[in-house]
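Residue numbers (the working numbering), protein chains in the order written: chain A, 1 to 347; chain B, 1 to 292; chain C, 1 to 257.
Think of the hints as simulated: they come from the structure by calculation, not from any bench. A couple of the hints might just be wrong.
[Said to hold, decoys possible] Using C-beta positions, here's what the derived DEER-type ranges look like:
#1 B:172 x A:285: 46 to 52 Å
#2 A:206 x B:288: 26 to 32 Å
#3 A:131 x C:54: 40 to 46 Å
#4 A:328 x C:119: 32 to 38 Å
#5 B:288 x A:313: 37 to 43 Å
#6 B:288 x A:114: 47 to 53 Å
#7 C:117 x A:284: 35 to 41 Å
#8 A:156 x B:216: 19 to 25 Å
#9 A:128 x C:150: 32 to 38 Å
#10 C:213 x B:285: 21 to 27 Å
[Claimed, not checked] Covered stretches of chain A, going by a simulated chain C footprint (3 or more residues, C-beta under 8 Å):
#11 186 to 193
#12 214 to 227
Just so you know, even glycine gets a beta-carbon here, dropped at the ideal spot from N, CA and C.
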Amino acid sequence: MKKKNLYFLLNISIIMLIIIFIIIANKKFDSYVIRILNLCAIYIILGVSLNLINGFTGQFSLGHAGFMAIGAYVSALLYMSPELKEENFFITPLIWPLSVIQIPFVFSLIIAGLVSAGVGFLVGVPCLRLKGDYLAIVTFGFSEIIRVIFNNLQNVTNGPIGLKGLPIYTNLWWSFGIAILTVLVVKNLINSSYGRALKSIRENETAAEAMGVNLFFHKSLAFAIGAFFAGLGGALLGSFIMTVDPNTFSFLLTFQLIVIVIVGGLGSITGTIISAIIITVLMEILRSVEAPMNIFGLHVPGIPGMRMLVFAILLMTVVLFFKKGLMGKKEWSWDGLLKKYFPDNER
Amino acid sequence: MTFNVFLQNLSNGISLGFLFALIAIGYSMVYGILNLINFAHGDIFMMATFFAYYAITFFSLPWGLAYFAAIFLTILLGVSVDRFAYRPLRNSPRISCLCSAIGMSFLLENFAIVVFGGRPKAFFRPEIFTKMHTIFGVRIHSVSIITPVIAILALLVLTYIIHHTKVGLAMRAISRDFDTANLMGININKTISFTFAIGSGLAAIGAILWALRYPQIYPYMGIFPGWRAFAAAIMGGIGSIRGATLGGFLVGVLSIMIVVFLPALAGYKDAFIFIGVIIVLLFKPKGLFGEE
Amino acid sequence: MSVLKTDNITMQFGGLTAVSNFIIEVKEGELVGLIGPNGAGKTTIFNMLTGTYKPNKGKIYFYDKEINGKGIDRITSLGIARTFQNIRLFSDLSVLDNVKVGAHVHIKSSVWKTIARWPSYLYEEENIHERAISLLKVVHLENLKNDLAGSLPYGEQRRLEIARALATSPKLLLLDEPAAGMNPQESKDLMEFIIEIQNRFKLTIILIEHDMKVVMGICKRIIVLDYGITIAEGNPIQIQNNPEVIKAYLGVEATYA
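Chain A extracted, bound-state conformation:
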């Protein structure tokens, strides 16, 4: 059969497998494992969306936490019931009409994503002329400004206390579903003429422009789509941990995503997926190191900070010795797999 149809069938099979996996997981796995699966999926969403901006378009943005925060707050403020809002906003009441609105989770997600995308676009505009370090600083600055604003707007975000007791809407269907959507959208974008245009910007901006690639449009595109999924990821994360507060979405979170993306390979979706899974699992394992344990009756005190120390060492090791990360710019593709195991004629 034609290659294209084969690939399509293979992709559908993978999705079916994932669906079956989720059904089994929901029935059989214990809640701790499900928690990790959810986190893996969320970090895949966040990592792939960051890689679109940083890895494929070459715009080194440190502002992802800001987009996540926007997504988390917007969605929470939309799906929280008025009663829950009143409970939370005990110092200063929430402004109208937010205080009375309540919409289903799915719509709150869509709106959250769109608002984040809008902000992503606004952040991208001034960054058009900036390169390297300066771009990183400005995007970081935006992220911090967003955090400070959220920390202070008592009557909208409830200030430093944040929103607590959120209903848990995030489950394997949502997290895996959106993860698949993110990967599909980014993959389809990257493997297209627009994707080549984005990559050309990364490779050589001057030449890209000379070849007719409009820098404003394409950089904004990357920022907007990247921010959209970051917003979704943030919303999912908020509902997952039942809390949305300014400190969850700090530079620390962006840093973790940077590590994921660099370890996986700036410019490889496959790499980001693998790396997100490995690092999420690693984070959980290390979490136990931070808490006190009992080994053979001996009380071993926890080592707080160990997790992030390992992370930092991991990042340094990859940056210094494995510059391309796990996959570099390579991807796993049906094409590649087939070539390896069934070498036949070229197209």
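Guided by the hints, dock chains B and C onto chain A, whose structure is given.
Chains B and C in isolation, oriented as in the chain A frame:
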């Protein structure tokens, strides 16, 4: 508000400004010579305070000796960071260096948490640094008097080094034109190490003065002054020592004045700093005071 | 109607005037050479024509349409393409992808349709692929289509740059020192190649070159620049015997040689 209170706040601001200047110079010099934003600089500042702290409490050194030991160790640390985290990436794409710097920053912070513990420690203050003096009816903390004095001394020494020594000449040459300086036989690596040494040394001096003023030290304490000093360096014109100093003042005085005059906006302090940085980077990337 | 017409364009950088009152008119199908000593302002003129620089004075007309000050990508979409003096390929992209990027400027499918893999997009993508392959065949690089552009030897990189520029479907092609670094045989091949693509793609070409064999060999008309000013214009014979030109290139003594 009375004039007295105003003067008090102003002197606070100026003293704070000097502290930011001392740290900002480190950012500026490293950027001028390497085109790298040393994210770890604020954490090197933090380590200096811990060096001093342990020198006094663990090794029971007299405070004068402890401070010198701390400065020396900090210089070693700064040079090592360059040697092991930045030098191997000299020829790599800029993003690698950026990631290395960020990674180094997190590494130092979490190293401190793991080894020193996350709870704030009380920095020992020798008595002479805790007195309040009254000058022209204004009550000023002794640290606020000593800070400008020491800072000015340090800046004078620095200016001398930059303009009247071979190393200083080498630093200026590399800042201007890396490749030509290299071709002219200037030892790039040694000069860069020297730059880090000076920057770290100044940061250490600033750190001790800072700890004398705000005697609570903890692993994340470098973040706040680090970003302020960085903003100062950017707004003053990154790469320029004069700019870093002037920028330091700007940020120091503004920090205090905003809190005093616009208390309602105090919570947005951090945001203003970043807005300032963003505006400068977008419209006057050479800084408000131009390049040296 | 002329393809390109400039009307006394001038480029100043601070106190330095790089190009002064440059006038040129190029008709369809011409192959014009732009020569002059280093620093004469030739690449600056290219930069003005492509929109990289906006002329301080004067206007540029492309098919009677004013284009000075328009964005670089816009000018490319109107039909002016260029190659660079120092090769600027997309090193980590494949040879094929490099060429395909050139085609992006004329894409009709929206981003939505692209992501959703709409049939109209798939059709366009197929066309882009076919065209890119055929362009690679023209420059004899189709066997290397999946190699990384950065891994190609110098001469092949130059050819790839030209293929990429051709992918933008230009009407006017600006070649900046395409023969740089080539040996005599390669230069000869290049000459034939330029004539071939001119005929095949109905191009108008302006060529900056230092290799006089190439310039005199294929350009019907040559403009000579020195210190930003046009000092001579004419056919190869006229230029070769022009004393001003000889002086500019070889110094005053040479005119008496």
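Numbers of the earlier hints that this structure fails to satisfy, in rising order: 3, 6, 8, 9, 10
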